[in-house]
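A.B. asks: Take the given structure of chain A and dock chain B to it, following the hints.
Protein chains: 2
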Amino acid sequence: MTPKLEDVAKLAKVSKTTVSRVLNKRGYLSQKTIDRVYAAMRELNYHPNVVARQLYKSQTNLIGLLFPTVANPFFGELVDALEKNLYRQGFKVLIGNSMNDPKKEAAYLDQLLIKQVDGLIVGTHNQGIKEYDTANLPIVAIDRIMNADIPIVESDNYRGGELATERLIQRGAKHIIHTNGPIDLETPARRRRVAYEGTMQAHNLEPLTYTVDFNISAKAKKEIFEKIFQEHPEVEAVFAANDVDAALIMNVAQKLGRQVPKDFLVIGYDGTQVVRELMPNLTTIMQPTAQMAEQAVKVLGQRMNNEPTETEYILPVKLWSGTSA
Amino acid sequence: MTPKLEDVAKLAKVSKTTVSRVLNKRGYLSQKTIDRVYAAMRELNYHPNVVARQLYKSQTNLIGLLFPTVANPFFGELVDALEKNLYRQGFKVLIGNSMNDPKKEAAYLDQLLIKQVDGLIVGTHNQGIKEYDTANLPIVAIDRIMNADIPIVESDNYRGGELATERLIQRGAKHIIHTNGPIDLETPARRRRVAYEGTMQAHNLEPLTYTVDFNISAKAKKEIFEKIFQEHPEVEAVFAANDVDAALIMNVAQKLGRQVPKDFLVIGYDGTQVVRELMPNLTTIMQPTAQMAEQAVKVLGQRMNNEPTETEYILPVKLWSGTSA
Chain A
1 MTPKLEDVAK LAKVSKTTVS RVLNKRGYLS QKTIDRVYAA MRELNYHPNV VARQLYKSQT
61 NLIGLLFPTV ANPFFGELVD ALEKNLYRQG FKVLIGNSMN DPKKEAAYLD QLLIKQVDGL
121 IVGTHNQGIK EYDTANLPIV AIDRIMNADI PIVESDNYRG GELATERLIQ RGAKHIIHTN
181 GPIDLETPAR RRRVAYEGTM QAHNLEPLTY TVDFNISAKA KKEIFEKIFQ EHPEVEAVFA
241 ANDVDAALIM NVAQKLGRQV PKDFLVIGYD GTQVVRELMP NLTTIMQPTA QMAEQAVKVL
301 GQRMNNEPTE TEYILPVKLW SGTSA
Chain B
326 MTPKLEDVAK LAKVSKTTVS RVLNKRGYLS QKTIDRVYAA MRELNYHPNV VARQLYKSQT
386 NLIGLLFPTV ANPFFGELVD ALEKNLYRQG FKVLIGNSMN DPKKEAAYLD QLLIKQVDGL
446 IVGTHNQGIK EYDTANLPIV AIDRIMNADI PIVESDNYRG GELATERLIQ RGAKHIIHTN
506 GPIDLETPAR RRRVAYEGTM QAHNLEPLTY TVDFNISAKA KKEIFEKIFQ EHPEVEAVFA
566 ANDVDAALIM NVAQKLGRQV PKDFLVIGYD GTQVVRELMP NLTTIMQPTA QMAEQAVKVL
626 GQRMNNEPTE TEYILPVKLW SGTSA
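In the order they appear, the protein sequences are chains A and B.
Going by our numbering, 183 is the number at position 183 of the first sequence; the sequence numbering is gapless.
Going by our numbering, 541 is the number at position 216 of the second sequence; the sequence numbering is gapless.
Isolated chain A, as found in the complex (with noise of 0.2 Å):
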């Protein structure tokens, strides 16, 4: 059976309107009530009824959309398509560009949380906010993990580490180095990383992954991948995070005399419209972001609506065969 508010009042011994005014952040309420209520409601496994909660919030037509930077191809195309669907919708946009600052990230989410919007889409990078535990408000992740209640709208991730590094393999490359984020960064990405190991394994290479965070400088970047080819000379060919970085990596690969693909391949990541417009001979994993834009509208109204939705939805990845590798 579906639990319901008395159950939480009952269980965090309050009574029922303190779980309402808990649930509305109205009042004052000490952190010790506001921490036991939400223990129950994590216990019961209770999810409040985002419909009732309405009739305390004017309701504002609004969607915060809070994503590292709308500068990187790939977020400025899946928040291109998301503002379109939205829109159809009867909803316009709030944005908020969240690289490089968890303090940004959790002012804009206090602010919108409070009364500005009334739901969020969200594919930041940075961790360890909290606002998001205790945010009564309809969230879908694109692309990130945020806690067990958020449901997640991502491309097959493992299916394109798998797909990048057998495409390597079989143009003949054998020392192939990986780049990807931050391991403790909680995103389904990592699994591009766990295939790519897989599938190096099961060819009995030998699998390295360098650690090149998202929202580090292009000079920054650029200094790890210099080091790459110090550290490993031997390196014939790179599976990168994004397609900036592929970019990145070609053009330090070119400084040093490699020659694309003659001898050193790359392979990127995202394969946005503007990045096959602007290098058509990058090869690189295609992620489906018209169909995740669409999807993670479908999921917000659901969680607007109080209907059940599912805790992840994988899309599926094609690979674009270009000349790099």
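Heads up, a few of these hints could be off.
[Said to hold, decoys possible] 25 Å max Cα-Cα, derived DSS-like pairs, lysine-lysine:
(1) A:LYS255 - A:LYS298
(2) A:LYS318 - B:LYS552
(3) A:LYS130 - A:LYS174
(4) B:LYS643 - A:LYS222
(5) A:LYS13 - A:LYS32
(6) A:LYS130 - A:LYS103
(7) B:LYS357 - A:LYS255
(8) B:LYS547 - A:LYS318
(9) A:LYS219 - A:LYS103
(10) B:LYS341 - B:LYS357
(11) A:LYS174 - A:LYS318
(12) A:LYS262 - A:LYS222
(13) A:LYS227 - A:LYS255
(14) B:LYS587 - B:LYS552
(15) B:LYS499 - B:LYS455
(16) A:LYS298 - B:LYS429
(17) A:LYS298 - A:LYS318
(18) A:LYS174 - A:LYS222
(19) B:LYS587 - A:LYS262
(20) A:LYS219 - B:LYS499
(21) A:LYS130 - A:LYS32
(22) B:LYS544 - B:LYS499
(23) A:LYS262 - B:LYS580
(24) B:LYS429 - B:LYS455
(25) B:LYS499 - B:LYS623
(26) A:LYS130 - A:LYS104
(27) B:LYS623 - A:LYS104
[Claimed, not checked] Covered stretches of chain A, going by a simulated chain B footprint (3 or more residues, C-beta under 8 Å):
(28) 63–74
(29) 88–94
By construction, these hints were calculated from the structure, which means they are not laboratory data.
Since we're looking at a predicted model, the values are computed, not measured.
C-beta atoms are modelled at their ideal positions from N, C-alpha and C, and glycine is treated no differently.
C.D. replies: Relative to chain A, chain B alone:
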């Protein structure tokens, strides 16, 4: 002497309250009255006191950004920079992508102008949208001429056109074609065309401009670019309207057997960070995106405080010297 609200009332033969109601879009007003008040405002060059208007309107601390699409690298980078600047000043941004869709732009304006934002920064490409003329809201345009009362922030399009054309001539090209938006589009980017045509003529070369609407699909653009080579097999160089178009032209040229830069030169426009990372070899004109964003936010602030502003702010461009031209 600065005209006052009562001067407008006198000239329009209505009460001061009516002028105020027109300015604040409150209560029932006949179109005839509205038109008469705006005609009087125009005749007297009266600028409504934004501070006074804010007394009627609850502040939202939201700024609307209307651009064609954040999926394009230039607008992605610009919107990212605008959001960062606005956030620092306590504003959040509401974003609309209106590419290809004048109805959506008009609808956005209609909704935003009423109550949702405190100001607007606009860089869209749609034409004939009358909402801007009667918008009683602080507005700044980027790279777009909307009406005489809306200040424009832009980069030095004339100098950019000169720099690009001179570069191609220096590199030995004589048959140089330029692509630019529709000539009836009210945008400062037209000055690039004027500069290109003037520079060509100064060198006794024949200018030839192809019209390529920014809003059409990549496929439709490629068809136009193929036509350039069919209709003008003598073409040695193209000065493209933007970097994405430059990349498409390069692809078309290479498919037709032209080698860049050996027997065909291409120069782009915009020079965003991401394009310089993806295609460092593309010679292009760099727009000062960060400074344009900063200037636009500054001017919007002045408008919101009812301080005087210039009509036009022109910021310097630079050549990014790649190998494509």
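A.B. asks: Would you list, in rising numerical order, the hints stated earlier that this structure does not obey?
C.D. replies: 1, 2, 3, 7, 15, 20, 22 and 25
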